[in-house]
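Protein sequences, first through last, are from chains R and P.
The numbering of the first sequence is this note's numbering, which starts it at 27 and goes up by one.
The numbering of the second sequence is this note's numbering, which starts it at 299 and goes up by one.
No lab work stands behind these hints, which were simulated from the structure alone.
Values in this document were obtained by computation on a predicted structure and should not be read as measured data.
Take these hints with a grain of salt, some might be off.
Unchecked claim - Sample of chain R residues with no beta-carbon within 12 Å of chain P, all distances over it, derived:
| # | residue |
| --- | --- |
| 1 | Ala-64 |
| 2 | Arg-218 |
| 3 | Asp-220 |
| 4 | Glu-235 |
| 5 | Ala-275 |
| 6 | Ala-292 |
| 7 | Arg-303 |
| 8 | Asp-307 |
| 9 | Gln-314 |
| 10 | His-318 |
| 11 | Asn-325 |
To be verified - Which stretches of chain P does chain R cover? Using the computed rule of at least three CB atoms under 8 Å from a CB of chain R, they are:
| # | stretch |
| --- | --- |
| 12 | 311-320 |
| 13 | 384-397 |
| 14 | 547-561 |
Claimed, not checked - Far from chain P, some chain R residues (derived; all Cβ distances over 10 Å):
| # | residue |
| --- | --- |
| 15 | Asp-32 |
| 16 | Pro-73 |
| 17 | Gly-94 |
| 18 | Arg-146 |
| 19 | Ser-157 |
| 20 | Arg-164 |
| 21 | Gly-215 |
| 22 | Asn-246 |
| 23 | Pro-255 |
| 24 | Pro-274 |
| 25 | Arg-277 |
| 26 | Pro-279 |
| 27 | Gly-293 |
| 28 | Asp-321 |
| 29 | Ser-330 |
Even glycine gets a Cβ: it sits at the ideal position worked out from N, Cα and C.
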Amino acid sequence: MRMAEDAVEVRRLRRVFRGRRKSPGVAALDSVDLVIPAGEVHGLLGPNGAGKTTLCKILATVLLPTSGHASVGGHDVVRETAAVRRIIGIVFGGERGLYTRLTARQNLEFWAAMYGLRGRTLRLRVDAMLSQIGLTERADDRVEGFSRGMKQRLHLARGLIGDPQVVLLDEPTTGMDPVAAREFRTLVGELRDDGRTVLLTTHDMAEAEAVCDRVTLIDNGRLLATERPAALSSWISTYSRVDARDVPAERVPQLICELRDIPGVAGVRAIQPSGIRVETDVADAAPQVIRHLLDSGINSVATSTPDLEEVYLHIIGERGLRVSR
Amino acid sequence: MHDLVRPLRVLRFSAGNAWADMWVIFSPLTWIVGWVSRVLVQVVFFALIGLLLGSDDAVRYLFIGNAVMITAMEATMSVTTTTWERRQGTMPLLVAAPTRLWPVFMGRSVQWLPTGVITASVALFALGPAFGVDWTPARALTVLACLAVVAVATYCFALLLSAIVLTAVDLHNVISNVAQAITMLIAGVMVPVSFWPGWVQAIAQALPLTHGLAAIRAVTDAQAVGPVAGEVIAGLSLTIGVGALWLLAAALLFEGLAAAGRRTGSIEFAD
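With the rest of the complex left out, here is chain P:
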């Protein structure tokens, strides 16, 4: 039983580390003024492209897609923050400790989950009516739950990228930005997934955001939540399933990284 609980305990303390990082980077004021306002402008910018197309539906589609994308975007920022572990020189100590690496890294960047959900919520709920999205309490609560699922599942995907980046720290910005750009293009944010050729659509199915966003669109497009509940649950189930697979892959890769580091000598004491 202890072996099952220990990773969760480590995850909790690692999450505390993430939270401490968060409030060094931001104060509540700089987070609201410097970060939330910036991404809100980004959402508005992309939504206004719909005006150029002369379509209210396009405006609405782009607004919802880009608002939800914020959640995924912030979750992907864990790719960068994971590298801080290497820069702080704790890698050899983590490897040499009698607990596996994955709970440490799973907790290490969780600050981006609540911030991603909150920022996207502010965009959707505060700006939504101006872009043709109306909210009822049931619809808002359902979307909030969907955002949470999207955040966690995308975070799991980002953990795999983080594990890759730990072997090539200098590439963290490249990998993070490329992942965000691809997600934005093919996961149904800017254009429907069906716009793309079949093989691109197949790749899109591997992204948690594709399914989570589809569920959110089902909620926002419906007159009421009840009739689309099945569709939403199916979408969220897929989101969770895809996220779980990425988490499993990430955990294996973190452990593989430690094993490879032992062989090659890439885990330095001064690391």
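For reference, chain R alone in the conformation it holds in the complex:
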């Protein structure tokens, strides 16, 4: 099947969940615009309740948008549901979504039938998927005896059984141990190599940085930024951090006052033990802070390069780990 140039296109997408009785409802997504080119691994990064899963559900055709437009592979998710369902695969994290009393093979056979495969084609496809995820040896064991990592690999195989062009991975590494998560990321890399488009929702910065071509930050139902992970980090590099160590305790209050007066300094606070942390929000402010510290006789000074987590926390701010309503 030929894939549209843009695998996913979302325009002014809005989804409001109505509350009970006359409550006004909550906008889980609000005026969301997003374009994912075919073949891209795209990360959707945000805290719990940000709207990541809502967007995934709309693209997966299990939720209707309140307004706006969303298409997958050029097919409208509301009007061309059947066409969308033929080209997507869904994988979500955790234990659910598998028939634990069936064997791995039986699970895949069932889902292969759901995706229209039959006969020899079905059997070959199931064997190929089992081999790809390294479960051939355990193919005829019941899933209830599998480790979490094995279940997650089976989840991925289930999501790929229909040979989807677009794969929606909703927090797929939730609850995985680090080794299993790393294995899973390798598998995501293989999806990219196969030319599939992947939308990966996560609140794990390292995961987004490791596997995504581009990352979109989302919070409170709104997209905040879309960039390549490295570009996102450089974009936020205007937000530098300077840590001063071994500052004599009696000099800390005075130095904090002086540093606050430097243009571009966004915040200054004492840190333990005997230190000061300076946050700047202008690109050339950090050198001035360092110079001032050195001129004041403070020689233990360090700057840090922001990683995606810091980008994330800068943009989302203090709300980072709270669930919005």
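Got chain R sorted already, so can you dock chain P onto it with the hints?
Just chain P, lined up with the frame of chain R:
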């Protein structure tokens, strides 16, 4: 052609899922000792009420009614097992797959069809002579076929209840038990359908068991199968027809459930 065959293929694989569930719940030993013996005691218990009435006909009537009721009762257990689909978190995946929901759910609880037929058969054929029911090969085979029809048709009725229960999973036991109790009361199991007021009789006509049980009573009450063949075929035709209508309604409701879930957001990824 593929579009016609695909639901049947899905139904087959879903039935495999049902069968796997069956042998997790029961082993052959626990099924015989824990389940079959329990329902046989239930049949005997209700049949013995006829003794209190001092009527051999009542004993026989209650025995046949309650033995056949086992088939309907087990078919109605699909209401509960359907909810397992929701508990396993597969609903969003099923909705998002390019195949309709009804074949999945139609296959999902079929384990209760053979078990219901076998259990009722054991009751009827093993215990029947003790309660005044004699068997010839022709009569036994005809009743076996009737039981199969009752099982399938009642299963179709139960699928509609299952679709309702998917929107209110916590009520699965309530709906299943109420349905079984009503069926037992008005479908001719304990008392003839004619015992009830007209409007209750009208409701009873919508239950597959009413017609299937009537056909079975026609067979067991007759000296030979031949003379009542027309009556049996008519009863089974009604059973099949009523079952087909319930199946159609259930299929529409399953699809309606998916459509409503898309609107309301009730199909959760973590569901």
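Structure-based check of each hint:
1. Distance to chain P confirms R:Ala-64 as a non-interface residue, since its nearest Cβ pair spans about 20 Å, more than 12 Å.
2. For R:Arg-218, the requirement that its beta carbon stay farther than 12 Å from each beta carbon of chain P is met, with the minimum near 22 Å.
3. Separation of R:Asp-220 from chain P is adequate, the least Cβ-Cβ distance of about 20 Å exceeding the 12 Å criterion.
4. Every beta carbon of chain P lies more than 12 Å from that of R:Glu-235, the smallest distance being close to 24 Å; the non-interface claim holds.
5. Every beta carbon of chain P lies more than 12 Å from that of R:Ala-275, the smallest distance being close to 50 Å; the non-interface claim holds.
6. Distance check on R:Ala-292: its Cβ is at least 38 Å (rounded) from any Cβ of chain P, clearing the 12 Å threshold; non-interface status holds.
7. Against chain P, the non-interface label of R:Arg-303 holds: every CB pair exceeds 12 Å, the least being about 38 Å.
8. With 12 Å as the threshold on Cβ separation, the claim that R:Asp-307 sits away from chain P holds: the shortest Cβ distance comes to roughly 37 Å.
9. With a closest Cβ-Cβ approach of about 49 Å to chain P, R:Gln-314 is found to remain outside the 12 Å limit, as its non-interface label requires.
10. The beta carbon of R:His-318 sits about 51 Å from the closest Cβ of chain P, which is more than 12 Å, so the claim that it is off the interface holds.
11. Every CB of chain P is more than 12 Å from the CB of R:Asn-325 (nearest about 53 Å), matching its label as outside the interface.
12. Under the rule that three or more residues need a Cβ within less than 8 Å of chain R, the assignment of the stretch 311-320 of chain P holds, with 6 such residues.
13. Counting residues of the stretch 384-397 of chain P whose beta carbon lies closer than 8 Å to any beta carbon of chain R gives 11, which meets the minimum of three for the stated coverage.
14. Counting residues of the stretch 547-561 of chain P whose CB lies closer than 8 Å to any CB of chain R gives 3, so the stated coverage by that chain holds, three being the minimum.
15. At roughly 20 Å, the least C-beta separation between R:Asp-32 and chain P is larger than 10 Å, which holds for a residue marked as non-interface.
16. The claim that R:Pro-73 lies off the interface holds: its Cβ sits roughly 16 Å from the closest Cβ of chain P, which is beyond the 10 Å cut-off.
17. Even its closest Cβ contact with chain P, about 15 Å, leaves R:Gly-94 beyond 10 Å, as expected for a residue assigned away from the interface.
18. Separation of R:Arg-146 from chain P is adequate, the least Cβ-Cβ distance of about 14 Å exceeding the 10 Å criterion.
19. Look at R:Ser-157: its CB is around 21 Å from the nearest CB on chain P, clear of 10 Å, so calling it non-interface holds up.
20. Every beta carbon of chain P lies more than 10 Å from that of R:Arg-164, the smallest distance being close to 16 Å; the non-interface claim holds.
21. At the 10 Å boundary, the C-beta of R:Gly-215 stays outside the reach of chain P, the nearest C-beta of that chain being 24 Å off.
22. Non-interface status of R:Asn-246 relative to chain P is upheld: no Cβ of that chain comes within 10 Å, the nearest being about 17 Å off.
23. Look at R:Pro-255: its CB is around 25 Å from the nearest CB on chain P, clear of 10 Å, so calling it non-interface holds up.
24. In this structure R:Pro-274 is separated from chain P by more than 10 Å, as the shortest Cβ-Cβ distance comes to about 53 Å.
25. With a least beta-carbon separation of about 53 Å from chain P, R:Arg-277 lies farther than 10 Å from that chain, consistent with its non-interface assignment.
26. The claim that R:Pro-279 is not at the interface with chain P holds, since no C-beta of that chain comes within 10 Å of its own (minimum 50 Å).
27. Against the 10 Å criterion, R:Gly-293 stays outside the reach of chain P, whose nearest CB is about 38 Å from its own CB.
28. No Cβ of chain P comes within 10 Å of the Cβ of R:Asp-321; the nearest lies about 56 Å off, and the non-interface call holds.
29. No Cβ of chain P approaches the Cβ of R:Ser-330 within 10 Å, the least distance being about 36 Å, so the stated non-interface status holds.
In summary, this structure violates none of the numbered hints.
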